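Trainee: Here's the letter readout for the chains.
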Amino acid sequence: MAAYVLHLAILAGIYIILTLSLNLIIGYAGQVSLGHAAFYGIGAYVSALVSLHWSFPFPAAALAAVLAGGLCGLALGLPTLRLKEDYLAIVTLGFGVIVDLVFLNLEITGGPDGLPGIPPPNFFGVSFREPWVYLILVGVFVLLVLGAAARLVDSYHGRALRAIRDHEITAQVMGINTPAYKVLIFTLAAALAGLAGSLYVHYITFINPETFGLHTSILILAMVVLGGMGSIAGSVLGAVILTILPELLRQAHAYQDLVYGALLVGLLILRPEGILGRGKLSLKFLQREG
Amino acid sequence: MLTLKSLQAGYGRAPVLKGVSLHVRPGEVVTLIGGNGAGKTTTLRAISGLLPPRQGVIEFAGRDLTRMAPERIVTLGLALVPEGRRVFHTLSVTANLELGAFHRRDKREVRRDLEEIRRRFPILKERAHQAAGTLSGGEQQILVIGRALMARPRLLMLDEPSMGLAPRMVNQVYDILAELKAAGTTILLVEQNARAALKVADRGYVLETGRIILDGAAADLREDPEVQRAYLGKGYREVWE
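For the protein sequence lines, the chains are A and B, in the order given. When you line the first sequence up against this note's numbering, it's residues 1 to 290, in that order. When you line the second sequence up against this note's numbering, it's residues 1 to 241, in that order.
Everything labelled a hint here was simulated from the structure, so no lab data went into it. Computed from a predicted model, the values in this text were never measured in an experiment. Incorrect hints may appear among the rest.
Unchecked claim - So, partial list: chain A residues that the calculated Cβ filter (under 10 Å) puts toward chain B: (1) Ala160; (2) Ile169; (3) Ala180.
Claimed, not checked - From the derived model, a few chain A residues whose C-beta atoms are all more than 10 Å from chain B: (4) Val50; (5) His53; (6) Trp54; (7) Gly94; (8) Val240; (9) Leu245; (10) Leu258; (11) Ala262; (12) Leu264.
Even glycine gets a Cβ: it sits at the ideal position worked out from N, Cα and C.
All chains, full assembly: derive it from the sequences and hints.
Mentor: Here you go:
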């Protein structure tokens, strides 16, 4: 039982990083992204591959994952962030599907079988094979990311991001370089997702493409929306609830999806801004007059 | 100070401005009046860099603005009060004001200007911590004007500041403009409300379907029979046929 709780706590920590990073894009900068799991997967595979083939120690592998996630975020963000909501949603969705297919079909990623035998972190003479030691490692990263995010959103730059979310053209007229800010936050969020991927893969020690598909992107989005857009505490709450809830519902296995779905729908009707959030999920692109 | 020469701009393949020329001298209040779809907002968008012009010249203080990014143009001292009271609705009133000075690096002076603007518009102090979206329409209009002033603009451009406001609030907004004028602020005022605009302005231009059809001293425009008929609603007759 204790092992199971530790396992959930580690997963929750990883999801907190993912949720927070997506919240920076959606909740603070007001941009839609439906392919966040792709960056998570890129970080995970890069971290796994450099550990397996080049025996990178964990810190170097994690750094490689962060860089890979960030670079892919930059590469996707540069051409697409000039797009408006609905198009951006389509492009990020497509990106997520493409990346998933790449993992599934490349030889180096092991195709559908994935990659086994990824070493758990072992550095400065400390082995992180024990779950509780690993939990400390994840906890440290979660605190670092939380602290950095809290500082960022309260800063001069955080205010510029929120201005972009509220009204992009007006933000531009205030002298805010909106394209640069959007690309920057997208890159940063992708890099953080890469970090989460690295933390995941060295914990589970095995990966296959299933973990990084569309359903994961949607799950992270649900965590952001449930906890509250534009709220850091909300991201923590959303990630923890949606990590634990499916486990609690396991008793009522047959009804799990039903209860899970009903809860989300109920929340969106009763409290569309999320438990702790301020902004609402912008679904303007679904209401376009035809 | 600001000069437009044969400015042409449009959206997609549709031309909106078909050659607009106008100028604003330092210390002047100039109004650009015209009906719906005349191209008033498009003119301001082109000046601000939001809509790159197809042809023509936009010069501000000796600098060519035609290929300049909006965030660069702001730093030259052009501030725009966009139409429809675009406050950042989830941010506090104070945060909105501070965003007006986003490009400024002289933090101490920004603090002083903030105090000055709150002194001048006490409602912005009263509501300092409230989300801007919860303000009334008139309060929001005051906020966006205050926000633009936080940029210490050399030229203040306003896009239909009276739109959608109760008559009493329109008067209040125009009182503010008159005060700014008295303080020597250079203003380019775009309006459909020609009566109010021509009262405060020194000179005016009349824009119709993308062309300037008339210009002159505001006092002369007020007396012009064509302006009176089309924009001031005098001598209105219903025509039955």
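Trainee: Does each hint fit the structure? Answer for all of them.
Mentor: The hints, checked one at a time:
The closest approach between the C-beta of Ala160/A and any C-beta of chain B is roughly 7 Å, which is under the 10 Å cut-off, so the hint is satisfied. The interface hint given for Ile169/A holds, since its Cβ lies 6 Å from the closest Cβ of chain B, which is under the 10 Å cut-off. Of the supplied interface hints, the one on Ala180/A holds, with its beta-carbon coming within about 9 Å of a beta-carbon of chain B, less than 10 Å. Distance check on Val50/A: its Cβ is at least 39 Å (rounded) from any Cβ of chain B, clearing the 10 Å threshold; non-interface status holds.
The beta carbon of His53/A sits about 44 Å from the closest Cβ of chain B, which is more than 10 Å, so the claim that it is off the interface holds. In this structure Trp54/A is separated from chain B by more than 10 Å, as the shortest Cβ-Cβ distance comes to about 43 Å. Gly94/A, annotated as away from the interface, keeps every beta carbon of chain B farther than 10 Å; the closest lies near 25 Å. Separation of Val240/A from chain B is adequate, the least Cβ-Cβ distance of about 25 Å exceeding the 10 Å criterion.
Non-interface status of Leu245/A relative to chain B is upheld: no Cβ of that chain comes within 10 Å, the nearest being about 28 Å off. The claim that Leu258/A lies off the interface holds: its Cβ sits roughly 34 Å from the closest Cβ of chain B, which is beyond the 10 Å cut-off. For Ala262/A, the shortest C-beta to C-beta distance to chain B comes to about 29 Å, beyond the 10 Å cut-off, and the non-interface label holds. At the 10 Å boundary, the C-beta of Leu264/A stays outside the reach of chain B, the nearest C-beta of that chain being 23 Å off.
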